[in-house]
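Protein chains: 2
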Amino acid sequence: MRFNQFGKVTVSYPQALKELQTIRFLTGVELNKITPNALWLHFLAQASPLAHSQSAKKARLNSLLANEYQTVLEYTTTNTVNAASFYAVALQLLGFEVDEDFDLADVFTALKRLNLAYHPTINSKEDLLLAWYDLLETVGKNGRTLLDNLASAGYFTSFYELAATQKPLFFNGKSLPIFDTSKLISEVVYVESDLDSDHDGRADLLKVEIIRPLDTNNGLKVPALYTASPYNQGTNDQLGKKLTHKVDVKLATKSVTNTSYEEIAYHAPKVGPIEKRPVAGHAQFAEESLERELSYTFNDYMLARGFAAVYAAGIGTKDSDGLRTCGSPAETASTVAVIEWLAGSRKAFTNKTDNIEIKAWWCNGAVAMTGKSYLGTLATAAATSGTPGLKTIISEAAISNWYDYYRDGGLVVAPGGFPGEDADVLIAECFSRKKEAADYLQIKAKFEADLKQVTTDQDRTSGNYNRFWDARNYLKDLHNIKCGIVMVHGLNDWNVKLRNVFNLYKQTENLKLKRKLILHQGQHIYINNFQSLDFSDMMNLWLSHKLYGLDNQAPEILPDVLVQDNTLEGTWHQFADWDGAETELHSLHFDQHQLVAKPNPAAGPASFTDHLPAEAFKRYSQNYHQWQADLLARKAPLTTSSLLFESQPLTTAIYLQGTPRLKLRVAASQDHGLLSFMLVDYGQAKRLGKTPDLLLSKGLNAGYRFREDNLVEFKLKKASPYQLITKGHINLQNRTSLWQNDELKPDTFYDLNVVLQPMFYKLPAGHKLGLIVYSSDMEMTVHANEELNYSLDLAACRLDFDASRIAD
Amino acid sequence: MRFNQFGKVTVSYPQALKELQTIRFLTGVELNKITPNALWLHFLAQASPLAHSQSAKKARLNSLLANEYQTVLEYTTTNTVNAASFYAVALQLLGFEVDEDFDLADVFTALKRLNLAYHPTINSKEDLLLAWYDLLETVGKNGRTLLDNLASAGYFTSFYELAATQKPLFFNGKSLPIFDTSKLISEVVYVESDLDSDHDGRADLLKVEIIRPLDTNNGLKVPALYTASPYNQGTNDQLGKKLTHKVDVKLATKSVTNTSYEEIAYHAPKVGPIEKRPVAGHAQFAEESLERELSYTFNDYMLARGFAAVYAAGIGTKDSDGLRTCGSPAETASTVAVIEWLAGSRKAFTNKTDNIEIKAWWCNGAVAMTGKSYLGTLATAAATSGTPGLKTIISEAAISNWYDYYRDGGLVVAPGGFPGEDADVLIAECFSRKKEAADYLQIKAKFEADLKQVTTDQDRTSGNYNRFWDARNYLKDLHNIKCGIVMVHGLNDWNVKLRNVFNLYKQTENLKLKRKLILHQGQHIYINNFQSLDFSDMMNLWLSHKLYGLDNQAPEILPDVLVQDNTLEGTWHQFADWDGAETELHSLHFDQHQLVAKPNPAAGPASFTDHLPAEAFKRYSQNYHQWQADLLARKAPLTTSSLLFESQPLTTAIYLQGTPRLKLRVAASQDHGLLSFMLVDYGQAKRLGKTPDLLLSKGLNAGYRFREDNLVEFKLKKASPYQLITKGHINLQNRTSLWQNDELKPDTFYDLNVVLQPMFYKLPAGHKLGLIVYSSDMEMTVHANEELNYSLDLAACRLDFDASRIAD
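Chains A and B supply the protein sequences, listed in that same order.
The first sequence begins at -18 in my numbering and counts up one residue at a time.
The second sequence begins at -18 in my numbering and counts up one residue at a time.
Since the hints were made in silico from the structure, they are not lab data.
Honestly, I wouldn't trust all of these hints.
It does not matter which identical chain is meant; a pair holds if it fits inside one copy or across any two.
Below, a list of computed lysine-lysine pairs in the PhoX-like style, where the Cα atoms sit at most 20 Å apart [as the list claims (entries may be wrong)]:
id	residue 1	residue 2
1	Lys427	Lys463
2	Lys667	Lys231
3	Lys457	Lys644
4	Lys(-1)	Lys257
5	Lys39	Lys333
6	Lys299	Lys39
7	Lys299	Lys699
8	Lys340	Lys457
9	Lys726	Lys164
10	Lys749	Lys457
11	Lys427	Lys749
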């Protein structure tokens, strides 16, 4: 159990005093007259919002020990509060248990072990006040600050009645949960886009779901956290399953071409203006409310803190017009349209028939986009539009280039966990207009024709980067971005692979944007409910700054690059860059089964055959988890269909950073072929679990009696012998580029460069770095169990990567 | 996907008319003038609570298809509503999807497949009205009735404003969700018991948490659903782990005794009166509120429907007085004290110091107890007190005799999943007074002394039934029960084993109580969030009858014995009894490796040795799941430490019901020994998963914008070769009784009767019934890997069980 706080601001005594007054922690106190003990007892009584009488508050004080032998009340009759007694009580307030979590006789050891900040000496009222201020901002056992936990117990309910003009309130640079979540207003409006993606001659209307504090009805203008989620109106899971492509097919031999990028570059076609609806009237309030939006719990957390939550699923989803697409410019425009409405530059209507306009009059015009995966992807897409209302995006596990999601190296490479999925499958899954029978009846034919075209255009046969994918590459438009970006990605995310965030991070380096990068040890998950990181608090600081314009130094306070340690529980490190100046280049050469420091011109060839006995092939193609585990563990028969090269055990721990690069000389026995690579950490060690452990079911409340979240954390599991670091794939016919098909003569050696997926990995001393070279990837590539032999000319092979030494 | 409704009442036309008026579905309708189509459209518009304008309601109607080609609005211009169009639309309202779930051209086939009730002909307004009434009570895709789903969308929010005197309202015999859950009142009071379990000279005060509708402040009196949960104030998990007993110990040889039951019978000691607190004043409202009670989601569901929820953890838990115990009469008295306060015959105070009395003036005096496991156990315990305020219990996965939880057949037999746990461990885990440092400081010494005594009294050495266990046997007091009982238990629950509910069921047979039994296919779980069963609706019917006194025929309507099918998804059958008159006795004899119809006097002996190679023993004792799987699959080396006897394949399917009984003649090679048994279904078949699948995360709302639950269901998994049916254990020294130690001479044959755990299992035709005889049970018994040989004289062995034939 270890805590890491990055969203906490250090303030001066006058500032602390003022803020404590704001949140009514000094109400009734005459600071110049009160004794330190009395002030302490006053704070503690205030921090008991569930106790409504003096007797009940006294009972609470009687339940807290100030040292091994005395309750707070006993202690204060004979002693004066000092740092030891203050933190003995503080740890109890924070939810830590005597004996189980800390020893009353030595609270400072516990504070250090838990990595909680504290004041080593408390000798005066001023010290006490500052220590109390900081304590309110210190996280407890559930990873939330004491102030957040007091809020969950009802501390701020009396603030609900403040006039709208007095809201929001900030404490320590962050907006406070003073908004009554039992009185949230939910509304549906229909934003009119500039698109006519279903070609019905009318501009597509987009359903938008809004949840906003009641205070907005009384004059408060709030920012909007907007989450664009094509999944939000439901998904067609059976249809998606039906359309999923077969992956036990042969890799195609591609005709040699000399294609240049210009030939496949996407240029937006000129489209005439779409006729807009005439405005027949205006409305202040919507005509539809929501039952339950599919919310992101971080948005719920911010809803209690004075930020509206806005959800839209986009063209082709239930109750919206248009045809579904996947990553196209139309989808970006559909996403941006909602921001434009929120910022006042686009129309919305109360329904699809009456042409009654409704404005986002309750919005202060500042929008942030949030969400993970496809949701974060659309945040990234919207940012590349440069639309002025968008002040920042928190882009989690986001795609930056759809080619890097469904393809790699001239190959069809599935997102991990979803073999056979492709753009057309995702379109069909998200086409939730299908869920409304009457609507589907009239759009069905267009949908099917359009889907057929996508299936053709995505081109699963060649796997090349083409015009379809160029239209879906947000990296081309990064120069348009004007807003700050928080990038969050799991270092074990094989669904949206790391290249997506790496490219977004690297290619915005020189754009003078405020950028923050958080790399965690998860797979494809959210991290706002982790015990070890104050993610919600960090983002509150960021959004209070970006959307409410609060001068809280958020860009300076939040770390630029924050990486979760892969060898320790609950440990996060700050870095200057992903693969920056602190690293040095390492080159390893191939010599038989080894990765060695110097090239061996006599190393000779090594080969393997991408073919398995029929039974093993069937079994592995039905269970790719087992296949990967057995491949990493070097189990037969996978030892004959792959090669492993291992380094010597490391003498010191290093961080592997950025992208590993392979230079290879390779020959295949046929006129087509693909190579796959895994970089592996070999060494017996306890490693973090694949998924976080559940610590506390429903243990986090977004506000007071509002929506609940589970508290989770990655925990070390029993020792295991290896861990996948990263992967890579290439079609041997794409040695020149992703769009040109190179000649591949059987049994002829060719030189090849491969860039693997990026990494940020602590490789401990004593462990070996392993490289597995193989072909068919049961989880990601096509595989037909062909008898296909691959040979490597080891003397001409090399692995380059960047790493920094770790001083332990 | 298959639905089963048992909580639905058939009503007359006048009754339906009246009730539809009550819930405002006929407001503004002149029934004698309106056309059937207009009435239908009116109903549909009313069933769109999220649409607040005529245009929005019209849009909703336009989204529903009445047949393959026409929306409702189009259809009604040319046709008149009939059963086909009514149910085409109905299925959409219920959340089923066209194509994915049903075919618009043939709705009746879908209704039959889904097992949903319907009206085959709708020819008149009366037909339509009755069909609509029934549709409101028909469950949708999420297993909740349409009316419940309308409630979640806000249909009943306008009913919040009804005067308290007009509440509750009932529809179809069940209380309606017309209570504003955003305005629930939460309170803490301290009930004064007649106990002084911590021997401090003062009657133990018990903390009680109350959540009640705001209407109670305005004169409404509501019943209470009371859940007694020793876990509710937190658990000492680290301490519990530390105290868990070692199970890799030798089975003790017991000295021969001639003990009679009278010698070990528990008789309550006479205790002098405990001095009570003087009343210093009275209060109407409590001084403390709650942050978040650890609620049972079924209680949440009923909270929205006008039933208060009451939680108490009992003596020895945080904020209560007393020492923790486990199943003792003191715990029962502590549990009952809360009911007595709710019913008006006991005092409670607002805090522990001021002696200010507070009454449960908001309660109508009718109490039901709810909850699973320890919670259901305390409900059963309270029922045996006969306390008049307790009108019914819904006792789920409950213990009826603590000997049957921690012991069996003269052996320590752990609850499945918790080897080494015992009464003392559970006491320590639930002693949440430890969580409040100051309180713990002063009670610690008494707690530790008391715990030490329990460790002695529970007697892990002999495993016998003794005075300690006799004090914890609720079956002795069943004759005191006055209230109705709903028993719910999982047929795969190896934590609280089936004997507990079987004995409760069988031994209350002649008590003239209203009894209902529900046996599901789960392990140790709740079933109020299943798709296939309307459990919440059934219980609403039951509780509206029992606690509000509504004459709704609940006892007659609800099935007496309801059993979930173990071979089909979502299928529930009604029976007259668990092992009643429909069954016939089957006797199978042992012949080498077979179970045969007739005894073979020449069958000869069979033997096995309870000893494994050291490596296998270590591996299996650390992973009892693998051990059980390998034992059932007959993997070496477990084949030498057990015997399997198999029947011939069954020619017809049968239900195995009640308790299997074994008559054995057995010899052991030492002076101590234990035998274990597994009855097994051998046959390749798809079987239900061990745990239910998640269908819809947060898909169920307890009311409107209130607490959320996941929707789940057991699904058939890929075919497997076997399934455990039931188990049993016996100490060879307990052939006479659970309290007498019999002589056991090595290598001497003794006759032995063993009753295995009860079952209700459909054994399909073609499958074989298997009996595995073994000794050490890695999950449940002690095991020290002794070299201990067991021999069975097969000619004198027999398996008896009761079964009924299934006409497929």
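Hints, one by one, checked against the model:
When the C-alpha separation of lysine 427 and lysine 463 is checked against a cutoff of 20 Å, the pair qualifies neither within a copy, at 36 Å, nor between copies, at 67 Å. In this homomeric assembly, lysine 667 and lysine 231 never come within 20 Å of each other (Cα to Cα): the closest approach is 39 Å inside a single copy and 33 Å across copies. For the identical chains of this complex, lysine 457 and lysine 644 are neighbours neither inside a copy (27 Å) nor across copies (80 Å), given an alpha-carbon limit of 20 Å. Within a single copy, lysine -1 and lysine 257 get their C-alpha atoms no closer than 52 Å, and across copies no closer than 49 Å, so neither meets the 20 Å cut-off.
In this assembly of identical chains, lysine 39 and lysine 333 lie within 20 Å of each other by CA distance solely across copies; the values are 11 Å between and 59 Å within a copy. For the identical chains of this complex, lysine 299 and lysine 39 are inter-copy neighbours only, at 16 Å across copies versus 56 Å inside a copy, given an alpha-carbon limit of 20 Å. Neither within a single protomer nor between protomers do lysine 299 and lysine 699 lie at most 20 Å apart by alpha-carbon distance, with minima of 46 Å and 34 Å respectively. When the C-alpha separation of lysine 340 and lysine 457 is checked against a cutoff of 20 Å, the pair qualifies neither within a copy, at 33 Å, nor between copies, at 71 Å.
Within a single copy, lysine 726 and lysine 164 get their C-alpha atoms no closer than 70 Å, and across copies no closer than 76 Å, so neither meets the 20 Å cut-off. For a Cα distance limit of 20 Å, the shortest separation of lysine 749 from lysine 457 qualifies neither inside one copy, at 38 Å, nor across copies, at 66 Å. Taking the shortest alpha-carbon separations for lysine 427 and lysine 749, neither the intra-copy value of 55 Å nor the inter-copy value of 55 Å comes in at or below 20 Å.
Going through the hint list in order, the structure does not satisfy hints 1, 2, 3, 4, 7, 8, 9, 10, 11.
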